[in-house]
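Asker: Each chain, written out:
2 protein chains.
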Amino acid sequence: MAEINALSGEQSGQNRLVYSSTWIQAQQQLIAWGQQLGLRVTVDRYGTVYLDLVGREFPGQIIATGSHMDTVRQGGDYDGLYGVIGGLEAIANLAKRFGQPKKTLRLIAFSEEEGSRFPATFTGSKHYARLPVTETINDDQGLSFAVARAQAVAQLVKDGVVFELPQLPETFTELHIEQGPRLFDQKIDIGLVESIVGQKRYTVVVKGQANHAGTTPMVDRADALQTAVMLIHYLQEQRRRFSEQLTLTVGAFAVLPNTANVIPGRVQFTVDCRSSDAIELTSYGRLVENLAQVETNPRISIEISQWTETAVTELDSMLLTEHQKLADKLGFSWCKLASGAGHDSQIMAQVARTTMIFVPSVGGISHAPAEYTPTADLERGLALLTASLYEQAYGGVTTNK
Amino acid sequence: MAEINALSGEQSGQNRLVYSSTWIQAQQQLIAWGQQLGLRVTVDRYGTVYLDLVGREFPGQIIATGSHMDTVRQGGDYDGLYGVIGGLEAIANLAKRFGQPKKTLRLIAFSEEEGSRFPATFTGSKHYARLPVTETINDDQGLSFAVARAQAVAQLVKDGVVFELPQLPETFTELHIEQGPRLFDQKIDIGLVESIVGQKRYTVVVKGQANHAGTTPMVDRADALQTAVMLIHYLQEQRRRFSEQLTLTVGAFAVLPNTANVIPGRVQFTVDCRSSDAIELTSYGRLVENLAQVETNPRISIEISQWTETAVTELDSMLLTEHQKLADKLGFSWCKLASGAGHDSQIMAQVARTTMIFVPSVGGISHAPAEYTPTADLERGLALLTASLYEQAYGGVTTNK
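As given, the protein sequences belong to chains A and B, one line each in that order. Heads up, the numbering used here is the position in the first sequence plus 113, with the first residue counted as 1. Heads up, the numbering used here is the position in the second sequence plus 113, with the first residue counted as 1.
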């Protein structure tokens, strides 16, 4: 990982935005490593890199692992990259110890997952999973996704690289840092991901009337901020009626005119709610959608619009059970958990049996330069992934059920 | 007023920021009018213009009226200017009808009241009242108050203009639009101002920990926005325990990092509270100052700093009683009220018997291009001011008590 992370140079944190020069160098480095290891290298037109250790008996049955190569702005050293480099190490180790597998082992470095450059997420795994991707989008410099993509991918396709969209795998196992504090706080080695939370995101606009803070009597006010506060307080109170795993975040909040001595005429805020329980999420979402009925001041208007809707993704329970057994054999402590963040696995789960292995994040810090996982934890995750890929590709029965 | 307002040209609303070119032209125009009327013209080193109709018997006893010449950015046609032009018209009418008064009549056009260019308010009336003014301040272009002042005032001091800080008056009567909706809503002609509200303004900073909106369990969060909402909700609830005339405004609210899917790590908001009841204001102010005791999450820190403290100003009750009688004689409906906005009168009240006459503001709109008062209302205010100045300067007994 150090080689890839060194590509970001003197910048603060990792900055491998999709199709940027550091991203191109990282994918080129990965291709070079794949070729040195004698793996079959494929690149698709989105720039996702596939490194195959081709199977002896069932080359068309593919056991895949991997994660994404891109990062957020000023991201950490582990998010995404750990799953890519960990997957490559696992396959290299297996090749060295056991030679050619029965089924094909595939390392995947998805082009993009974070949505940090273009207003779209999971474009790499969506393209691989044959799901629609909107390409008519621009980055904040006005450069189109299609142009940036074509220019970057042209630099990956060289001699010895197959340029195609390869076949889908039977299974996908993603190794990742937790990005939250649960494993770290409870001193647990491994998190086995049962599901990825569903998400709903909304924008709420409260319109009142800007006015003089001194001369407008309280009863005559249409104070958008006071109403916004009342609505968020209501959402807080209602959230307590749900389980602790339903999260509520009001992350963005903008006021007009935003001056100490003027009553706010307009407030806009976001509501992000997530849960691994689909019923709970639907129920809480309805509360947000009906916020306009909470306010009774006729001078205030409230508009709610939803802009994200991601269903709860259940990951594969058989692969998880297999990972429990392997973790026990390896002497690792483990727990089941739901992922509060989105991952490529939620896309892959739509087309293949999919599972995730989490390792602890110190302090739960992620998407920041301070993101950190000790080497011992990284190695435990790698050991479990290696054992799982061995079972799946070298003759274990797991994937034949 | 139309001539002065035309100086702002094609801009939206009035923009006579102190010492700007439109402000200089306006004061020059006022000086020219004073000279045409044969008034004695004085300018002080802050650029306040004084036009005196010198008294016959008691020239050293000064009956003053006026208001400020500056405006907020994109202000209205009436705030300040109505009191300046109305005062000039009243004096011109009295001079024409009754000739020289017993006492000196003085029209004052204060240089600055709004605090819209430099971070200081009431600098014109404070300078006249011999109160300290901080001059080591800059506008948002980095130009210092002292330099801007000297350059502008140099353009007012010409032949026939006395350059000095003149003597303080016995009384000051300020004619002004209400800037609130009470007179308009209740269809009352005249507001007689008993007091000007006291103000306290605070900045509250809530510091938590920015974190991932999906992976951070609710119990592990140090969400600065949720705490800020709780504190403002608490302030709302507490405000209900006070009288309706205690106002609470949270006008400015800033969030970091202000992203939908990141838990806010820092929120800063302002609290503006006002009351004409000094005890009530002190009591509510203490609630704000003790906000840090409301929160119990040890991961959240709260800092409160106060940056404005204006005491309640009681205006002169004898002048108010005189105005009641005059309004009755003129057949105008009137009520007593407290001013929710600050005015030059709160400064002048510290050095002279001071009173204010309000006329209705349509819809209570002020500090905006839509600020409006019908001519009939403007003329009623002018008639009452004229009657009052006649009583005070031409032999009424009011000011001799």
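Do not rely on the hints blindly, as some may be mistaken.
In this list, chains with the same sequence are indistinguishable; a pair is considered to hold if it fits within one copy or across any two.
[What the hints assert, rightly or not] In the SDA-like style, the derived pairs of lysine to any residue whose C-alpha atoms are separated by at most 25 Å in a straight line are:
hint: 1; residue 1: K209; residue 2: Q463
hint: 2; residue 1: K320; residue 2: L269
hint: 3; residue 1: K449; residue 2: Q268
hint: 4; residue 1: K300; residue 2: W420
hint: 5; residue 1: K438; residue 2: E307
hint: 6; residue 1: K320; residue 2: E350
hint: 7; residue 1: K215; residue 2: L269
hint: 8; residue 1: K300; residue 2: R412
hint: 9; residue 1: K300; residue 2: S121
Treat the hints as calculated values from the structure; they're not laboratory data.
Asker: Where does the structure disagree with the numbered hints, that is, which hint numbers, in rising order?
Answerer: 1, 2, 3, 4, 7 and 9
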